[in-house]
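When you get a sec, could you build the whole thing from the sequences and use the hints?
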Amino acid sequence: MSESLLASAAAGTDTPVPAAPGARPFWRRLRAQRAALVAAVVVALLVLVALGAPLLTALEGQDPTTYHPSLVDSARGGVPVGPLGGVSGDHWLGLEPQTGRDLFARLVYGARVSLGVALAATVVQTSLGVLVGAAAALGSRWVDQVLSRLTDIIVALPLMIMSLALLAIVPSSFPRPLLVTLVIGFIGWGNLAKIVRAQTLTLKGLDHVSAARLSGWGTWHVARRELLPGLAAPVLTYAALLVPMNISAEAALSFLGVGVKPPIPSWGQMLTAANVWYQAAPQYLLLPAGALFVTVLALTVLGDGVRTALDPRAGSRLRVGTGRKEGSA
Amino acid sequence: MNGISGFAGFALRRALATVVTLLAVSVIVYVVFYVTPGNVAQITCGPRCSPAQVQQVAEQLHLNDPLYVRYGHFLQGIVAGQDYSTGTSVAHCPAPCLGLSYQSDQQVTELILTKLPVSLSLVLGAMVLWLLLGVGTGVLSAWRRGRLSERVLTAITLAGTATPVFVIGLVLMIVVCGELELLPFPQYVALTDDPEQWAWNLLLPWLSLALIEAAAFARLTRAAMLETLAEDHIRTFRAYGVTERAVIGRHALRGALAPVIALNANNVGSAVGGAVLTETLFGLPGIGQELVHAVHVVDLPVVVGMVLVIGFFVVLANAVADVLYAVADRRVVLA
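Residue numbers (this note's numbering), protein chains in the order written: chain G, 127 to 455; chain F, 361 to 695.
Careful, some of the hints might be misleading.
Stated by the list, open to error - Below are the SDA-like pairs computed for lysine to any residue, each with C-alpha atoms no more than 20 Å apart in a straight line:
#1 G:K387 / G:I295
#2 G:K387 / G:F300
#3 G:K320 / F:E470
#4 G:K320 / F:Y394
#5 G:K320 / F:L623
#6 G:K320 / G:F300
Because the hints were derived from the structure by calculation, they are not lab data.
Laid out in structure tokens, this is it:
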């Protein structure tokens, strides 16, 4: 099933073969899932917020780094003055305790860091995974051995532990968001490489690929024209699931104090700081926690939707598979 | 048949591969951390050290030797132990020696051994919980498929997969310890001191870690069971009048066994990462908290030692799971 699916995609035909995941059927299948549609809208909004962060904060008339010492009550340890942690027409979501920085501005700029780091890290992971996986499958036996062992080792190293440790040894002069991106990107590609290698090996045995090779095309040409289209579905599926994982990873590292450092705002960092303020300024804790939850949830649902849209069998199995269905004869 | 010898051969090959992987991991970790752009001697000595003092520290820590020589020493320490001169006296560090902390001169192996019970208590306890919760939820939602209760369970598990562990931990701690005051803020009590207090204090950390991990198991168990339920032999069982309970509980669950084992091994890495966050959040004095501390003060021997020990556990878990998987798979084939 999935082989025919991949084969027809690889041949570049857009004919309505039931399993062909051309661009148009893909979008139709994705739109047909209500949850995925809602998630896509939420993700689009989040991206807009992240891109438009300077605009939104200009609209509010604040910025994420200015201290407002006059708006926090230093006698009570720095609790924001005013109701609900300092919510007002000037500060839409209130103020950060102690520093008095604007929470709305920090939250929307935090979205920039969160989404930017996660997406960029996904690009790094996907590129490395596809390169290493395809090279292992297409290269000589020796190349395959070396790359596969390397992949095993990368998979064996826990992402959190390695990034935590790696982030410690790089001098603080290196731009932090870029560093977090690179560290997550260079550690998290192992599983994708394994998937790409397996898929490439399957594709290599298909008729149209053999035909292309026998007609004398070079490895590079075969890889680009005959194999890459067939890899699109599994790679896209896995990459879509990597994005929410990377969001969590960035937030976790910043939470531990080794990720994005102040004054650049990040949701994980806000949570660490908010830990002790939950009674005096609950929204300081709830806002980044809620933002993280909504973002990761929306991206996860969207990722599931992408998988279902690319592999219709998965959808029917997960949703309608009641056990009383006719066998797949 | 040659089933046993084939299996023994498989286990042996797997053990060899594990050793090779561990060696490679140690080389990579060592090289990555000791070819650092940061100046370790300066950091260890402190900001007010004179160049001569920094040079002396570098000498003492063997930072001027070629890297392969230092790695050789490091390996030798693990296999055979090592003697360290600390200026006036000579300290013996027995095998497996992972070096001395730059900060406290404490032996890294000793440090890890004092922290290990906390981390093992956390991860193993949480593992029991996430397997029970996850597989239980998965079975329940496969059994109640298509009904309202299944949709509610699916929504809860989805929310679980989407919540970072430190968010759920924070919320649990604030609600349970802060607002409702049902439990005191967790403080680690050793199992050998007081088993009851040990469990009470670890309850929230266990829950935080397990709730997140359980979600993945619930989804996997459900998917695997639904797949099995769609197979022909299940239809045959049903036709023969096997009760639904037996079909679900015995036959469909067996289909989920192997994937659950595989996921559990794969998840050890992420669970250890989650454990670092949980320990930091709840202030549990385990390996994770110590690692975060060592990272902040650039105590390289501690960082390298801990990463290696954690890597060792992850690789070991994967190897054990591979063997278990083969056992589970074989039974499926034989059945």
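Hint-by-hint comparison with the structure:
1. G:K387 / G:I295: Given that 20 Å is the threshold and the Cα spacing comes to 15 Å, the pair holds.
2. G:K387 / G:F300: 11 Å, holds
3. G:K320 / F:E470: 37 Å, violated
4. G:K320 / F:Y394: At roughly 29 Å apart (the allowed maximum being 20 Å), Y394 of chain F and K320 of chain G break the hint.
5. G:K320 / F:L623: 16 Å, holds
6. G:K320 / G:F300: 31 Å, violated
Taken one by one, the earlier hints fail for this structure at numbers 3, 4 and 6, listed in ascending order.
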